[in-house]
Amino acid sequence: MTRSSRWIAALAIVVAVAAARTAWLVGKERNYVFHGVTTEAPLAAEFELTAQSGTRVHLSDFRGKLVLLYFGYTHCPGVCPTTLAEVDQALKALDPQKASHVQLLMVSVDPERDTPERFRAYLPHFNPTFLGLTGTPKEIATVAARYGIYYRKGAPEPGGGYFVDHTSMVMVVDPAGRVRLLFPFGTTAKDMATDMAHL
Amino acid sequence: MHAEREGSLKLKQKLGLLAAVGAVVAYVILTMGATRVGPIVVEDAWARPLPQVAESGEFYMVVRNGGSESDRLLGGRSPACGMIALWERYRTPQGAISMREVGPIEIRPGQRLELRVTGFHLMCMDKKQDFKSGVQFPLTLKFQKSGEITVQVTIRAQ
Numbered sequence: 001m002t003r004s005s006r007w008i009a010a011l012a013i014v015v016a017v018a019a020a021r022t023a024w025l026v027g028k029e030r031n032y033v034f035h036g037v038t039t040e041a042p043l044a045a046e047f048e049l050t051a052q053s054g055t056r057v058h059l060s061d062f063r064g065k066l067v068l069l070y071f072g073y074t075h076c077p078g079v080c081p082t083t084l085a086e087v088d089q090a091l092k093a094l095d096p097q098k099a100s101h102v103q104l105l106m107v108s109v110d111p112e113r114d115t116p117e118r119f120r121a122y123l124p125h126f127n128p129t130f131l132g133l134t135g136t137p138k139e140i141a142t143v144a145a146r147y148g149i150y151y152r153k154g155a156p157e158p159g160g161g162y163f164v165d166h167t168s169m170v171m172v173v174d175p176a177g178r179v180r181l182l183f184p185f186g187t188t189a190k191d192m193a194t195d196m197a198h199l
Numbered sequence: 001m002h003a004e005r006e007g008s009l010k011l012k013q014k015l016g017l018l019a020a021v022g023a024v025v026a027y028v029i030l031t032m033g034a035t036r037v038g039p040i041v042v043e044d045a046w047a048r049p050l051p052q053v054a055e056s057g058e059f060y061m062v063v064r065n066g067g068s069e070s071d072r073l074l075g076g077r078s079p080a081c082g083m084i085a086l087w088e089r090y091r092t093p094q095g096a097i098s099m100r101e102v103g104p105i106e107i108r109p110g111q112r113l114e115l116r117v118t119g120f121h122l123m124c125m126d127k128k129q130d131f132k133s134g135v136q137f138p139l140t141l142k143f144q145k146s147g148e149i150t151v152q153v154t155i156r157a158q
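As given, the protein sequences belong to chains A and B, one line each in that order. First residue of the first sequence: 1, per the working numbering; consecutive thereafter. First residue of the second sequence: 1, per the working numbering; consecutive thereafter.
Hints are supplied without guarantee of correctness; some may be wrong.
[Said to hold, decoys possible] Calculated lysine-lysine pairs in the BS3-like style (CA-CA distance at most 27 Å, straight line):
(1) K92(A) / K153(A)
(2) K92(A) / K128(B)
(3) K14(B) / K153(A)
(4) K153(A) / K12(B)
(5) K138(A) / K153(A)
(6) K190(A) / K132(B)
[Claimed, not checked] Some, not all, of what chain B presents toward chain A, calculated at C-beta under 10 Å:
(7) P49
(8) L50
(9) V53
(10) E58
(11) P79
(12) G82
(13) A85
(14) T92
(15) I97
(16) S98
(17) R100
(18) V102
(19) V117
(20) K128
[Claimed, not checked] Part of the chain A face toward chain B, derived, beta carbon under 7 Å:
(21) G78
(22) E117
(23) Y150
(24) G159
(25) G160
(26) H166
(27) T167
(28) S168
Everything labelled a hint here was simulated from the structure, so no lab data went into it. Cβ atoms here follow ideal geometry from the backbone N, Cα and C, with glycine treated the same way.
From just these sequences and the hints, can you work out the full model?
Here it is, written out as structure tokens:
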């Protein structure tokens, strides 16, 4: 073997290894299986609601961001605090650049008690970027129905309050405005973060 | 000869002492965070941090019955709550998550019952203290046969 043919052989090996590695990585990405429930990527229904700042906002205002849409309420004793804490953990597990393009929107299923002031006092505890949206009971009913969210006010409690039954899942709307994933209640922060990194 | 026996006795004593220390350490480790009354053991009582404005929270823990008879958890009280009730969370036919107040919760002999967000748990209504990460407060649980048992609830993320 001449000196130059040895070099060519060595180079060929390096190129072959690099190509195999790239192919493997591409295949791995393509075969990524989401932890959340995948959808047929329907367009997320547009809505207009009142944000915690008091201004009216549209879902389309968040186009270009990954929106985590969650229907819940601030008097919720267990499920909502658990979900909001998990989403916060998921954002902390994400690459900061990616995380800065994620917006959690919590739509109230209890519009009578969830005022913008109430959201302002409640949500920052979980994450300063979380936004609470409320509206008239009719507006909320319309938005919830468009997203297939069920909710129902429970019987009065001794203290005068009440709880609200509701579908509890985080819907992931991609930057193009399509519902791509559903995270059912109980999805871990780690699984949410890995899925978001792949959207 | 004599000196040798004395030496081996010393070794035996040392080993005995070591075993005793080991047993104490093992006991302390095994029972850390657990509170026992008779056959009932309550471990790992905790609650999530909550915004100050939240009115209700939930207590989670593990209750084990090491006895040969069933016992029933009747309820509880804590200075951190205006009222404590037993609740169960379940899924409705519509796929929503719902809750209901339940009567006494039975803990069968040998059973390890986990009180958690997706099942039975204690609801702390009209909370009187801030559920701030790292804070602890007492919770007294009442059992039908074993009586009262007081544990410390720790506020932590999970």
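How the hints compare with the structure:
no., hint, verdict
1, K92(A) / K153(A), "33 Å, violated"
2, K92(A) / K128(B), "30 Å, violated"
3, K14(B) / K153(A), "68 Å, violated"
4, K153(A) / K12(B), "71 Å, violated"
5, K138(A) / K153(A), "14 Å, holds"
6, K190(A) / K132(B), "24 Å, holds"
7, P49, "7 Å, holds"
8, L50, "6 Å, holds"
9, V53, "5 Å, holds"
10, E58, "4 Å, holds"
11, P79, "17 Å, violated"
12, G82, "7 Å, holds"
13, A85, "9 Å, holds"
14, T92, "6 Å, holds"
15, I97, "5 Å, holds"
16, S98, "4 Å, holds"
17, R100, "9 Å, holds"
18, V102, "14 Å, violated"
19, V117, "5 Å, holds"
20, K128, "12 Å, violated"
21, G78, "4 Å, holds"
22, E117, "10 Å, violated"
23, Y150, "5 Å, holds"
24, G159, "5 Å, holds"
25, G160, "10 Å, violated"
26, H166, "6 Å, holds"
27, T167, "5 Å, holds"
28, S168, "5 Å, holds"
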